[in-house]
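Q: Now for the letters of each chain:
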Amino acid sequence: MRLRLTPRDTSFFDLFAASAQHLVTGANILAEMLGADRQARKVLAKRMSDAEHLADEATHSIMRRLNQTFVTPFDRDDIYALASNLDDCMDFMEEAADLIVLYRLDGLPPRVADQVQVLQRAAELTAEAMPRLRSMSDLHEYWVEVNRLENQADKAYRKLLAELFDEVTDPILLMKLKEVVEKLEDAADAFEKVANTVETIALKES
Amino acid sequence: MRLRLTPRDTSFFDLFAASAQHLVTGANILAEMLGADRQARKVLAKRMSDAEHLADEATHSIMRRLNQTFVTPFDRDDIYALASNLDDCMDFMEEAADLIVLYRLDGLPPRVADQVQVLQRAAELTAEAMPRLRSMSDLHEYWVEVNRLENQADKAYRKLLAELFDEVTDPILLMKLKEVVEKLEDAADAFEKVANTVETIALKES
Amino acid sequence: MRLRLTPRDTSFFDLFAASAQHLVTGANILAEMLGADRQARKVLAKRMSDAEHLADEATHSIMRRLNQTFVTPFDRDDIYALASNLDDCMDFMEEAADLIVLYRLDGLPPRVADQVQVLQRAAELTAEAMPRLRSMSDLHEYWVEVNRLENQADKAYRKLLAELFDEVTDPILLMKLKEVVEKLEDAADAFEKVANTVETIALKES
Numbered sequence: 035m036r037l038r039l040t041p042r043d044t045s046f047f048d049l050f051a052a053s054a055q056h057l058v059t060g061a062n063i064l065a066e067m068l069g070a071d072r073q074a075r076k077v078l079a080k081r082m083s084d085a086e087h088l089a090d091e092a093t094h095s096i097m098r099r100l101n102q103t104f105v106t107p108f109d110r111d112d113i114y115a116l117a118s119n120l121d122d123c124m125d126f127m128e129e130a131a132d133l134i135v136l137y138r139l140d141g142l143p144p145r146v147a148d149q150v151q152v153l154q155r156a157a158e159l160t161a162e163a164m165p166r167l168r169s170m171s172d173l174h175e176y177w178v179e180v181n182r183l184e185n186q187a188d189k190a191y192r193k194l195l196a197e198l199f200d201e202v203t204d205p206i207l208l209m210k211l212k213e214v215v216e217k218l219e220d221a222a223d224a225f226e227k228v229a230n231t232v233e234t235i236a237l238k239e240s
Numbered sequence: 035m036r037l038r039l040t041p042r043d044t045s046f047f048d049l050f051a052a053s054a055q056h057l058v059t060g061a062n063i064l065a066e067m068l069g070a071d072r073q074a075r076k077v078l079a080k081r082m083s084d085a086e087h088l089a090d091e092a093t094h095s096i097m098r099r100l101n102q103t104f105v106t107p108f109d110r111d112d113i114y115a116l117a118s119n120l121d122d123c124m125d126f127m128e129e130a131a132d133l134i135v136l137y138r139l140d141g142l143p144p145r146v147a148d149q150v151q152v153l154q155r156a157a158e159l160t161a162e163a164m165p166r167l168r169s170m171s172d173l174h175e176y177w178v179e180v181n182r183l184e185n186q187a188d189k190a191y192r193k194l195l196a197e198l199f200d201e202v203t204d205p206i207l208l209m210k211l212k213e214v215v216e217k218l219e220d221a222a223d224a225f226e227k228v229a230n231t232v233e234t235i236a237l238k239e240s
Numbered sequence: 035m036r037l038r039l040t041p042r043d044t045s046f047f048d049l050f051a052a053s054a055q056h057l058v059t060g061a062n063i064l065a066e067m068l069g070a071d072r073q074a075r076k077v078l079a080k081r082m083s084d085a086e087h088l089a090d091e092a093t094h095s096i097m098r099r100l101n102q103t104f105v106t107p108f109d110r111d112d113i114y115a116l117a118s119n120l121d122d123c124m125d126f127m128e129e130a131a132d133l134i135v136l137y138r139l140d141g142l143p144p145r146v147a148d149q150v151q152v153l154q155r156a157a158e159l160t161a162e163a164m165p166r167l168r169s170m171s172d173l174h175e176y177w178v179e180v181n182r183l184e185n186q187a188d189k190a191y192r193k194l195l196a197e198l199f200d201e202v203t204d205p206i207l208l209m210k211l212k213e214v215v216e217k218l219e220d221a222a223d224a225f226e227k228v229a230n231t232v233e234t235i236a237l238k239e240s
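As you go down the protein sequences, you meet chains A, B and C in turn. Here the working numbering is used: the first residue of the first sequence is 35, the next is one more, and so on. Here the working numbering is used: the first residue of the second sequence is 35, the next is one more, and so on. Here the working numbering is used: the first residue of the third sequence is 35, the next is one more, and so on.
No wet-lab data here; the hints were simulated from the structure. Just so we're clear, the structure is a prediction, and the values are computed from it rather than from any experiment. All C-beta atoms in this analysis are idealised placements derived from N, C-alpha and C, irrespective of residue type, glycine included. There may be inaccurate statements among the hints.
Cβ-to-Cβ under 8 Å is the rule here; a few derived chain B residues that face chain A [to be verified]:
#, residue
1, 192
2, 205
3, 207
4, 208
5, 234
6, 238
Under the rule of at most 27 Å between Cα atoms (straight-line distance), these lysine-lysine pairs were calculated in the BS3-like manner [claimed, not checked]:
#, chain 1, residue 1, chain 2, residue 2
7, C, 238, B, 76
8, B, 217, B, 227
9, A, 210, C, 210
10, B, 212, A, 212
11, C, 238, A, 238
12, C, 193, C, 227
13, A, 193, B, 212
14, A, 217, B, 212
15, C, 227, A, 217
16, B, 210, A, 217
17, A, 193, C, 189
18, B, 80, C, 210
19, B, 238, A, 238
Please put together the full structure from these sequences, using the hints given.
A: Right, dumping it as C-alpha cells:
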C-alpha cells in the first residue's frame, strides 16, 4: 500500500460544476422574465432569489473546503478567485431581475433580450467547462468564446446606452432602464472574469 | 536565553483594533449628521474627513508593517485584505457624508436612518471583534451577526430605492438621494467583506 | 558553463514599461478630444480604441509570461496586480472617451480639462517609473507625487460634481456629464492603485 501524502481533493470540481449550474438557471429565469407580465415576474423574481441563495451556499461550501483542505487541485488563490467570480455572475443577474420588478419596467428595449441571450450562452459554456477543469482539457475554446461573447455584449451595451439616451425622454425612466442594462453588462463582465481565471489556471498547469 | 527566530508580531492586532475604532467614529458622525442643520453638517463633515485621514494612516501603518515583517500572525494576504476592507468601510461612509453636504440634502427619507443604524451596529461589532483576533475566540458570532445585518441592510436598501422612485418626482433630487443611499449600501457591503475575511482567517486557524 | 537554475526574467520590466506607454497615449488622446469637434472626436475615439487594444495585448503578454515563468523578479501576486492596475487605467480612460462621443457632449465644463491634465501627468510619471522597477531606485518620489495628484483630482472631482448639480438643469444632460466625470475620476483612482502597488513592491525589496 502506498501512502498518498498529497491527496488531491477532486470534489472541488464537483462544487464548481454545481455552482455554475445555478448560473444557467439564473440566466434562463432572466430570459423568461423579459416576456412575462408583472404577476409572472414576481414569481420569477422569487425563483431567482432562491437560485441566488443556492449559489451563495455553493460559494460558501467551496470557501469552507478551501480553508480546511491542505492540498488543493490548483492554486488556493485561483480557487478562491474562481468561486468569487462565479458568485459575482449570479449577484449581478439577481440584481438585474430584482430591479426589473422593483421599477415595474413593463417595456424593455429589444436589445436587452440580446444582452440576456449572451448571458444564457455564457452560463451554458461556463457550466460545460467546469467539469473539464479536472482534466484541464478543451478549456481554450471555452475562454476564447466567452471573451468573444463579452466583446459582443460590450458593443451591444454601448449601442443600447446611446439608444436609451436618444429615445427615452423621461429622465426617471431613463435612470431605471440604465441601471438594469448596466447590471446585465456587469454580469457579462463577470462571466469574462470567470473565463480569465480559468485561463490562468489552465496556463499554470500546462 | 533562547533566540526567538520567529517572533510573532502581535502589534497587528492593536493596529486592526485602532483602525476599526475609526469606523465607530465615522458611523456615529453619520448618525449625528442626519438630524443636523446645514451649518452643523459642515462641522460634522470636517470631523468625518479627519476620521477618514486617521483611518487612512492606520491602513498605511498596517501595510508598512506588513511589508517589513517576516513572520506575521496570520496569512499576509489576509492581513492585506482585512486592512483594505476596513479602509473601504471608512471611504464609503466618508463619501456618503460628503455627498449629503455637497448636494445640500436637507430632508433625507426616514429609512436612511435605518441604513445608518446598521452601519453603527456593524462598526461596533467590528471594533469589538478585532482584539479577539489575537485569541481567535468568539469570532463566529461576530461574522454571523454582521452577515445578518448586511442582509437586513440590503432589504432596507431595495425598499428605499423603490420608495425613492415612487415618491421623488424631481429627477435631479432623485439622482442625489439615490447616490447617497447607494454609498451607504456600499458601506454595509464593505462591513460584510470585513466579516468574511475574518471568517476566512478564523477557519484557517481552526 | 554554469547552469542557471533561477534566471530572473528581466523582460517583465520592458513589458510594464510598454504597458505604461499606452497610458500616456491614452491620456493625450483624451486631452485632444476636449478641444476637438464632433468629426475629429470620432477619429480620436478610434485611436483610443486602438490604444486600448494594444494595452490589452500588453496585459495578456504579462499574464502569459507570468504563468509560464518559474522565477519572477518580484512577487507573482504583485506582478499580477500591477498588470491589472495598469489595464484598469486604460479601460477607464477609454470608457470616458467613448461616452463623450456616444453622448455627443459638445460642451464639457472647464474643470474636466483639469481632470484630464491630472491623468496626463499621472501617466507620464507612471511611464517614467516603470523602467526604474529594475533597479528599485527613485520610486519613492513617484508614488508620493501620484498620491498627491490623486488627492488633487479627488477634490477637483467633488467640486465639479457640485457645480454640475448647481448649473445643469437638464437632468438627462446631467446624467451624461456625471458619468463622464466619474469615469475620469475612476481613472485617477486607478493610477493611484498602480502607485500603491509599486510602493508595496519597493518596500518588500528594501
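Q: Are the hints correct? Go through all of them and say.
A: Structure-based check of all given hints:
1. Checking residue 192 (chain B) against chain A: minimum C-beta separation of about 6 Å stays under 8 Å; hint holds.
2. Because the closest C-beta pair between residue 205 (chain B) and chain A is about 4 Å apart, less than 8 Å, the hint holds.
3. At about 11 Å, the closest approach between the beta carbon of residue 207 (chain B) and any beta carbon in chain A exceeds 8 Å, and the interface hint on this residue is violated.
4. The beta carbon of residue 208 (chain B) is positioned within 8 Å of a beta carbon in chain A (closest approach about 6 Å), and the interface hint is therefore held.
5. Among the interface hints, the one on residue 234 (chain B) holds; its C-beta lies about 6 Å from the nearest C-beta in chain A, closer than the 8 Å criterion.
6. A least Cβ separation of about 5 Å between residue 238 (chain B) and chain A falls short of the 8 Å threshold, and the interface hint therefore holds.
7. For the suggested pair residue 238 (chain C) and residue 76 (chain B), the alpha carbons sit about 41 Å apart, so the restraint of at most 27 Å is broken.
8. For a cut-off of 27 Å, the pair hint linking residue 217 (chain B) to residue 227 (chain B) stands: about 15 Å separates their Cα positions.
9. With a C-alpha separation of about 14 Å, the suggested pair residue 210 (chain A) and residue 210 (chain C) falls inside the 27 Å cut-off, and the hint holds.
10. Of the supplied pair hints, the one linking residue 212 (chain B) and residue 212 (chain A) holds, its CA atoms being roughly 14 Å apart against a limit of 27 Å.
11. Taking the CA atoms of residue 238 (chain C) and residue 238 (chain A), the gap is near 25 Å; set against the 27 Å cutoff, the hint holds.
12. Only pairs whose Cα atoms come within 27 Å are accepted, and residue 193 (chain C) paired with residue 227 (chain C) is accepted, the gap being roughly 22 Å.
13. With a C-alpha separation of about 25 Å, the suggested pair residue 193 (chain A) and residue 212 (chain B) falls inside the 27 Å cut-off, and the hint holds.
14. Among the hinted pairs, residue 217 (chain A) with residue 212 (chain B) is consistent with the structure: their alpha-carbon atoms are about 16 Å apart, no more than 27 Å.
15. Among the hinted pairs, residue 227 (chain C) with residue 217 (chain A) is consistent with the structure: their alpha-carbon atoms are about 25 Å apart, no more than 27 Å.
16. Between residue 210 (chain B) and residue 217 (chain A) the CA atoms are separated by roughly 20 Å; this keeps the pair inside 27 Å, and the hint holds.
17. Straight-line distance between C-alpha atoms of residue 193 (chain A) and residue 189 (chain C) comes to about 32 Å, which puts the hinted pair past the 27 Å bound.
18. Our distance criterion of 27 Å between C-alpha atoms is broken by residue 80 (chain B) and residue 210 (chain C), whose separation comes to about 30 Å.
19. The hinted pair formed by residue 238 (chain B) and residue 238 (chain A) meets the criterion: a straight-line CA distance of about 25 Å does not exceed 27 Å.
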